[in-house]
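K.L.:
Protein chains in written order, with the numbering used here: chain Y, 1 to 99; chain F, 100 to 745; chain W, 746 to 1283; chain B, 1284 to 1553.
Hints in this document: simulated from the structure, not taken from any laboratory.
The model shown is predicted, which means the values in this text are computed figures rather than measured ones.
The hints are all genuine.
Simulated pairs of lysine to aspartate or glutamate, DMTMM-like, Cα-Cα distance not exceeding 25 angstroms:
hint	chain 1	residue 1	chain 2	residue 2
1	W	Lys1257	F	Glu172
2	F	Lys604	F	Glu101
3	W	Lys1144	F	Glu212
4	B	Lys1321	Y	Glu71
5	F	Lys261	F	Asp669
6	F	Lys715	Y	Asp92
7	F	Lys715	B	Glu1381
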Amino acid sequence: MNPVNYLYLAALLFTIGAAGVLIRKNAIVLFMCVELMLNACNLAFVAFSRMHGNLDGQIIAFFTMVVAAAEVVVGLAIIVSLFRTRHSASVDDASLMKL
Amino acid sequence: MENLIALLVAAPLLGAAVLLCGGRRLDKAGHWLGTLFAAASFGIGVALFADMLGRGADDRTVHQRLFSWIPVEGFQADVAFQLDQLSMTFVLLITGVGTLIHIYSIGYMEHDERRRRFFGYLNLFLAAMLLLVLADNYLLLYVGWEGVGLASYLLIGFWQHKPSAATAAKKAFLVNRVGDMGLSIAIMIMFTTFGTFAFGPVFGAVDGTSEGTLTAIALMLLLAACGKSAQVPLQSWLGDAMEGPTPVSALIHAATMVTAGVYLITRSGAVFDAAPDAQTAVVVVGAVTLLFGAIVGCAKDDIKKALAGSTMSQIGYMILAAGLGPIGYVFAIMHLVTHGFFKAGLFLGAGSVMHGMNDEVDMRKYGGLRKYMPITFVTFGLGYLAIIGFPGLSGFWSKDKIIEAAFAKGGTEGWILGGVALLGAAITAFYMTRVMLLTFFGEKRWQPAPDADAVPSAEPAAEHRAGQLPHPHESPKTMTLPMIVLAFGSVFAGGLFSINEAFVKWLEPVTSFEHGNPPLGAGAITASTVVVLLIGVGLAYVQYGRKPVPVVAPRGSWLTRAARRDLLQDDFNHVVLVRGGEHLTRSLVYVDHSLVDGVVNGTAASVGGLSGRLRKLQNGYARSYAVSMFGGTAILIAATLLMRAV
Amino acid sequence: MSFPLLTVTAAVPAAGAILTAAVPAARRGAAKWLALLVSLATLALAVLIAVRFEPGGARYQFTESHAWISDFGVRYELGVDGIGVALIALTALLMPFIILAGWHDADPLETKSQRWRPTQGFFALILAVEAMVIISFEATDVFLFYVFFEAMLIPMYFLIGGFGDRATSSRSAAAGGGTDENAAAQRSYAAVKFLLYNLAGGLIMLAAVIGLYVVAGNFSLQEITAARAAGTLDMATSTERLLFLGFFFAFAVKAPLWPLHTWLPNAMGEATAPVAVLITAVVDKVGTFAMLRFCLGLFPEASKWATPVILVLALVSIVYGALLAVGQRDIKRLVAYASISHFGFIIMGIFAMTSQGQSGATLYMVNHGISTAALMLVAGFLISRRGSRLIADYGGVQKVAPVLAGTFLIGGLATLSLPGLAPFVSEFLVLVGTFTRYPVVGVIATFGIVLAALYTLVLYQRTMTGPVKEEVRAMPDLRLRELLVVTPLIALLIGLGLYPKPLTEIVNPAVKHTMSDVKRTDPKPEVAVEAKNGEAAK
Amino acid sequence: MSALAAAASTTSTGEAVQFWVLGTVAVIGALCTILMKKAVHSALCLAGTMIILAVFYLANGAYFLGVVQVVVYTGAIMMLFLFVVMLVGVTAADSLTETIKGQRWLAALCGLGFGILLIAGIANAKLTHFNGLGRVNSAGHVEGLAELIFTRYIFAFEITGALLITAAVGAMVLTHRERTERAATQRELAERRVREGVQLPPLPAPGVYARHNAVDIAGLLPDGTPSELTVNKTLRARGQIRDVSSEALEDLKALEQKSAERLGREEASK
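Model the full assembly from the supplied sequences, consistent with the hints where possible.
P.N.:
This is the structure we're talking about:
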């Protein structure tokens, strides 16, 4: 089997995640989709790491995880406080940007 | 000695500077200072004249180079003077008559609170005029040319509180500017053709130059001359210029400035001689103006405007003569000088009459003044005889020669020109006799002066006299003295010049001279001149001397009415130029606002509209933004792939 | 390394601007004096430059060169040729008069309806503009020039929008009250228009600047010009033309050339008179200066290619500006349109590509600066007395305030290029220079001088002559401060009109260099004249 | 060469089978993540996908990452998600109906286009070179990683550390609410209730006919209609009241019938 298949899989997962971001209104699910995209990227990194025969790809994936953790923490905190003030977790309700 | 030339110009210039910047402190002595500077210039002129006489006829031209004015690559303009017989003649005329008129103005402007400034302007005029005739290149001449225009503007509009005066001044300057345009184009052609515009090199290079170029230069110079000398078609300003104080009319609009055109053509004789077509144009302009001015002069009831028409006509004679080439130059200048004397005298006389008549200018309200103003009457009368060419007086000698020269042009042309000149002489006799009769003879037709409130009064100190009957009286000595001197000039100058052809010999080295061969004998021409003169006088006497003159002008024939309106030239100007210009500017203002600006503002508005549409894309939903990001990324990937594929 | 004279000349007003801005509000009077002193010091430095400049020496003198952004080859490179010296002198010369004339323009207003105005800010902004303009005249690095060319828009924007003319052109304003808002709206419209026009031009220029870097590999004017002249730097014809157009567009907006001119009347009308002078006499000169230095120097072939179109536009500017000036009812807008006409002359002179034309154009920049300053500042004094910009609101001022009227007339006569006053020399040189190569253009442009007479004299007649209007009856004549502003300007006009040689001597070598940049020589006279003018007289 | 290193440098048939099976499952999990109506379900599907990805990491020789993926991602981050889902609860946002016009079409278009392009791009790329990790793992896999992290990527590492701390602090700042006023005492609350006079006695208890989870079931009034007052305010706001009144009545009826039957039987047995 060609390891390139991992890349195809990563692309597919990334696209699914992105589509999820676009169609879901629930902020939490939306967030999960972002995580899915990040994971897809990680998969690609790992696959590349193997193809190129060096560990840098894995390091980047590692950092991605760390940053994703940080992002999730802050993001979820934002969702919680948003929910407290607006009693809703829908991203569409927070459409104040157009002002 | 030649170092004094600059002083000629500098003296009145200094005077102008002192008087105009001096402020109120000089109010008391300003007029004397101004006169002193003018007289100083005259003194220097006489000294230079004596010096010039002391040298041989071919050695009389002197130069003085002051400094390099505009030194630019390939372009040299110097402040340099050239004094030859032609300039000398003008210098003496300008400073001489100028000084006299300064003296006259002391009395005439006595009651004007801005007398100091008046003298400042007069000095400025003298300086500019002297610069004009002394320049040794066309560019410097142009400086003087516009300088006299400025002085003329300031002096015509001296009584600025009168809208008519301000308008007349503006008109004079504008019409002159059209002429100046001609002069500047002429200089540009000269520079392009010769690489220089100094007199000497230009005239020296005429031989190797194509006739077309020379004709272009000459025609442009003619345009300039038309503007300055009030020749058809740029004559319209002169009549209005009479709004200025009378000494101004005498000095600038009779004796000196308006003759600058004649000077220009005579000075550029070499160019004109090589461009026969242009000469024909000059002659035509001269002839037409000669008749035009004369006809206008017949119809005007305003004494100054009648004299203005006369001036126009007499300058027409000069231009005509100058257009005839070497057979005419000398006589053009000679007539110019004699005209300077008698026309200045006439204007001063008119000023004297107005001074005594509450500034009334309508001749129909004069009459019988010879008893009240004897000196004015005599001097005016002598000027009158001189201008109509009464045998023996100045005008006779010069005008007769011009008529002879016109006939001497030869062929049909010569007959036509001679005929026109003779006809002009007859009309001159007619209208001058009319002026004379209306003013000094007949019964009194005085009326109370017009109400000061209705028409802001022109002349100084007139307001407190408004509404009263005038008490005609002789003018003070400062005014009569110049008149007497000028009267002497009117009587004797022509004769003196003609003794042994002294004037011809004097100018010949500069202007070149040929004896004309008129188809008729000189005697026959003189005789016919005298005959037409008598006819003119007789007709005028029949019209105005035998019948009482109505105070309100009769309607008159169509010709009279047209002549009163300057032969409709002003109406033409008004309809075509003023109205047309107004419409043009108004529509351009509109175009600028709505089209040029509109295009830009329209662009701005459409950008605004577009962004209004685009704004709807910014609906505030994060997911919509995400779609655009995502789509954008997709497009970027597509572009990258395409680029790689290509 | 010699003394960095050029840097100091620009740095003095820059530092002055900062210091002036830092003056506490309570001592705003001191800010005025400080600004005046700084401007005088700058003038002294400018005079020093002019005196030590050797006309026969190197093309660019007092050069300074330091690395700035080395990754892109951007250098801090200064140097002046004769044209630069003349314009720096003009800028430094006009500043004290502008400051003096605007002495009370930014005083706090009595009425509460209008905002408080920071006096120090006004003078600091003026000094900032001075610094930027001077450095634009000095820069020989295209990028450096561009930066300051654009940066000067910012202080100008605030000067126009923040310190507008209190007098308005609407009739009701003269009657008083209620139109403050209207005036403020017009003012901000003018300021925004000014900014947008010039920014649009500047952005297009930025693209061209980048393009130039791509083609040439550096920003140095001297290097590129030298390489162009030596033929070592080839540009495709189309590239050169596009780059030229990019530069020219920005300069034409600034200059302003028809049909990119409409911002000028608005800006000059709404700004105070000293700021209006700053715009037209100083800032706009950067545009024409840059045409001469950058357009011709960097893109000689494209300049020649574009000449016919530019000459036609310049002609349109001349005639159109003059005609519109005739049609104006607002004094300041009239002067603005007159300036548009004059800028047409300058651009015509530059692109006629003859020595006379270019010398004339350079002199014209200087003379137009002085003459417009004289006319506009006196007009400002007049307007400040009556509180109206409408011509129709005046009449008979001559009788009431003869000195004011007299100086106004002289300013007007300078505007119409009366011989004996400085502008005549330059205008005639431009006309002659154009005529020798393009006779028809020269003749048509000559009509401009008739129209100039028309609008100037109509303005003078309507405001100064005629019966005295009731509203101007109590008008005071010029005060000492105002006389101090006007008298030197008039003296300069007369002095440079009679003896422009010091100026032409500085300018001539620079023009010769520019002519060799574009590889053009003056047309030879058709007929050889044995003796040159001048020698004949000796 | 150790077995670990071998796994990272070659692809065996076993790996191919594993890829195709687990890959299918992962894609299905991802699709479920975005299509499931309830957030909890999405979270669980995502967790599944992540575990599969962890397996893939291992298959690719990224053993450390594989473990971290399970521990950090699936173990920590996904649990955090579940906590928040629990906090927020089931909301109206879960509805899958689209409110923005054209959003779904655009999303589909973009997704499809993007996916195709991405895959086309990968297909276009020249990825024939295949090195394997044998050489770099020679000194031990984790050691190799550690060496990189603490040498070349030390700054990034330090900075991510700072980022994590900042994120933790940020999360606390965002979610923590400082009490700005003194809490009302029992007395004050009682007095306010009397003053307002809306509801003097305590609110009625929910779920009168309680069965399993009665918090969201409104208590019935004597006439059998449900009273909203009996349900928690939050649930009321979310519209999560379960109306069981008819159900309860039916139950009652059934009970009565049953008891009647029983009674009847007893009677009959007598």
